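Chemist: These are the residues of each chain, in order.
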Amino acid sequence: MTDIFGIPIQAFAGQLLIGLINGAFYALLSLGLAVIFGLLNIINFTHGAQYMLGAFCAWFLLEKAGIGYWWALLVAPVVIGALGMLIERTMLARLYRLDHLYGLLLTFGLALIFQGIFTNFFGSSGQPYRLPDEFAGAFNLGFMFLPKYRAWVIVASALVCLGTWFVIERTKLGAYLRAATENPALVQAFGVNVPRMITLTYGFGVALAALAGVMAAPIYQVNPQMGANLIIVVFAVVVVGGMGSILGAIVTGFSLGVVEGLTKVFYPEASNTVIFVVMVLVLLVKPAGLFGRER
Amino acid sequence: MASAPLATRVPTVPARRDRTGLAIGAMVALFAIGPWIGVYPVFLMKALCFALFACAFNLLIGFGGLLSFGHAMFFGTASYVCAYAAKTWGLSPELAILAGTGAAAVLGAIAGALAIRRQGIYFAMITLALAQMAYFFYLQAPFTHGEDGIQGVPRGRLLGLVDLDAPLAMYYFVLVVFTAGFLLIFRVVRSPFGQALKAIRENEPRAISLGYDADRYKLLAFILSATLAGLAGATKAIVFQLASLTDVHWSMSGEVVLMTLLGGMGTLFGPVVGALVIVSLENYLSVFSQWVTVITGVIFVACVLAFRRGIVGELAAWWERARR
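If you read the protein sequences in the order shown, they are chains A and B.
No gaps in the numbering here: position 174 of the first sequence is 174 in the working numbering, and each next residue is one more.
The number in the working numbering is simply the position in the second sequence, starting from 1, with 1000 added.
Hint data in this document are derived by calculation from the structure and do not stem from the laboratory.
Note that this is a predicted model, so its numbers are computed, not measured.
All C-beta atoms, glycine included, are put in the ideal place defined by N, C-alpha and C.
Be careful, since some hints might not be right.
As the list claims (entries may be wrong) - According to the in silico footprint, chain B covers these stretches of chain A (three or more CB under 8 Å from chain B):
hint : segment
1    : 95-109
2    : 117-129
3    : 231-241
4    : 277-285
What the hints assert, rightly or not - From the structure, some residues in chain A lie toward chain B, with a derived Cβ separation under 8 Å:
hint : residue
5    : 39
6    : 43
7    : 112
8    : 199
9    : 255
10   : 265
11   : 269
As the list claims (entries may be wrong) - Computed list of chain A residues with no C-beta within reach of chain B, every gap over 10 Å:
hint : residue
12   : 10
13   : 16
14   : 83
15   : 113
16   : 150
17   : 151
18   : 154
19   : 163
20   : 185
21   : 258
22   : 264
23   : 266
Could you build all of it, start to finish, from the sequences and the hints given here?
Modeler: Encoded structure:
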């Protein structure tokens, strides 16, 4: 059996794999958005730019300092996360008493600044990021070849997602976080430093975006615009999943990636828009999102 | 209680003497003499189209409290339909603009019905996602000619009488379109409908408990805003004889947000001032064109952090303080 619905199994599995890879990035990014939104009530429009910054950070480390992929996986999220915390302290913190839409407008402006600066220096063409040697080659699965790096991206991002879910839903720290989401004033009254928690949460969400950027660097080229279009798709993912649940963001991210990949097999013209179509359908049937609560 | 008893009792005109009509007259007069005091008509036409676009957007955010991040889809759709109608079907300019505006209204009804199902931040994300969907549609549809856009759109003869290839004829036609759109918005904002819209913005559950069908008001405001944004986009297609992907890209949606924010959200004249400032900025900074994105971002950040009322809003507040 080499065909599925008249499509060669290699093509089918190949697109499924691409879908899973894209889904891994959707999941990581929408997870970061959901974590930030939960505590700050802000939609972080800069998320796509921070994903791009993560990729560029890895590229700089390799090209200018000779620091390789494994260290970049650690350094880039820390650096970009720290930058995020600086932004939160100096700018976002002034907006919490205002309409939440101002947070959206501010982060949109920041995204334009970052993308504009990098476009000036690097143009809109991409910089290649050399794949680490350990990842050369592929696994032979019998019906297809699975490049080692792609397998790593899927496994690693799934692990990061589950780890985040575990920390938030199953540890004491996560319990504080969830409590502060429900009622920050009360949690503060119990002696938890809520403003510091907010700063760290924003930093963590941004670090997730940067981590996704580092992982994306060897697959896609490192490009100043790489986050701009992605973030809009991730917004649609977030609307589909609803931001009430961490697990919901992960599941929705991966499955919409797969849906997109399969659309490429059966009806390529719609592959760019299929996630938006799903969003429209979900809005018609369940406006709060698949895993969301009305709030 | 489906009628609107509250709005009829609330005075729709402020108690002290209202000079807004005078201010509108002065603004139109200034635009009318613009080309005679050395302002480049093409620049003014661009500014007027964007001013109308921003006013339409402001109707939604400023008076309805709904932040749409996808208004480029109405601007761009009208631009494409108008350009196609004028070039391929050979419609006269006024009919082509009507066709474009009508298309934007239909799209506005569909997008609005979907978007008002969620509020606040979700509303912004949904409109952005819908606009991106529209962008991909125009990117792939053959009639838009992809990256090239629809070029060489004929300006034609208005009502078969006035040749719009004459720069001043074109200019005054744009001014008439802008003034009509502006007056319509002015009228809507001051009407019982506009008051009910503000009530919903301030406190939706309370407005609903008073018997207002909030969703209906929001949808109507959305369609009206989309239609006027379409009018601006269609007019722009005739003026510049071009409809392209820029018109429907997300950065266009961001630009109209910026104009309104900079000028003053919820003020009548703010969007006009904001559009004038941004269009002149793009004109005079064209030497540093690669920095325009960065400067745009900086203006966004500065507006949100330092002066959220915008130019007109801050001036009005300053004037109020000075009077006391």
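Chemist: Each hint: holds or not?
Modeler: Going down the list of hints, with the structure as the test:
{"no.": "1", "hint": "95-109", "in the structure": "holds (count 10)"}
{"no.": "2", "hint": "117-129", "in the structure": "holds (count 3)"}
{"no.": "3", "hint": "231-241", "in the structure": "holds (count 6)"}
{"no.": "4", "hint": "277-285", "in the structure": "holds (count 5)"}
{"no.": "5", "hint": "39", "in the structure": "14 Å, violated"}
{"no.": "6", "hint": "43", "in the structure": "5 Å, holds"}
{"no.": "7", "hint": "112", "in the structure": "3 Å, holds"}
{"no.": "8", "hint": "199", "in the structure": "17 Å, violated"}
{"no.": "9", "hint": "255", "in the structure": "17 Å, violated"}
{"no.": "10", "hint": "265", "in the structure": "18 Å, violated"}
{"no.": "11", "hint": "269", "in the structure": "6 Å, holds"}
{"no.": "12", "hint": "10", "in the structure": "26 Å, holds"}
{"no.": "13", "hint": "16", "in the structure": "22 Å, holds"}
{"no.": "14", "hint": "83", "in the structure": "15 Å, holds"}
{"no.": "15", "hint": "113", "in the structure": "4 Å, violated"}
{"no.": "16", "hint": "150", "in the structure": "25 Å, holds"}
{"no.": "17", "hint": "151", "in the structure": "30 Å, holds"}
{"no.": "18", "hint": "154", "in the structure": "25 Å, holds"}
{"no.": "19", "hint": "163", "in the structure": "26 Å, holds"}
{"no.": "20", "hint": "185", "in the structure": "21 Å, holds"}
{"no.": "21", "hint": "258", "in the structure": "19 Å, holds"}
{"no.": "22", "hint": "264", "in the structure": "14 Å, holds"}
{"no.": "23", "hint": "266", "in the structure": "17 Å, holds"}
In this structure, the hints that do not hold are numbers 5, 8, 9, 10 and 15, in rising order.
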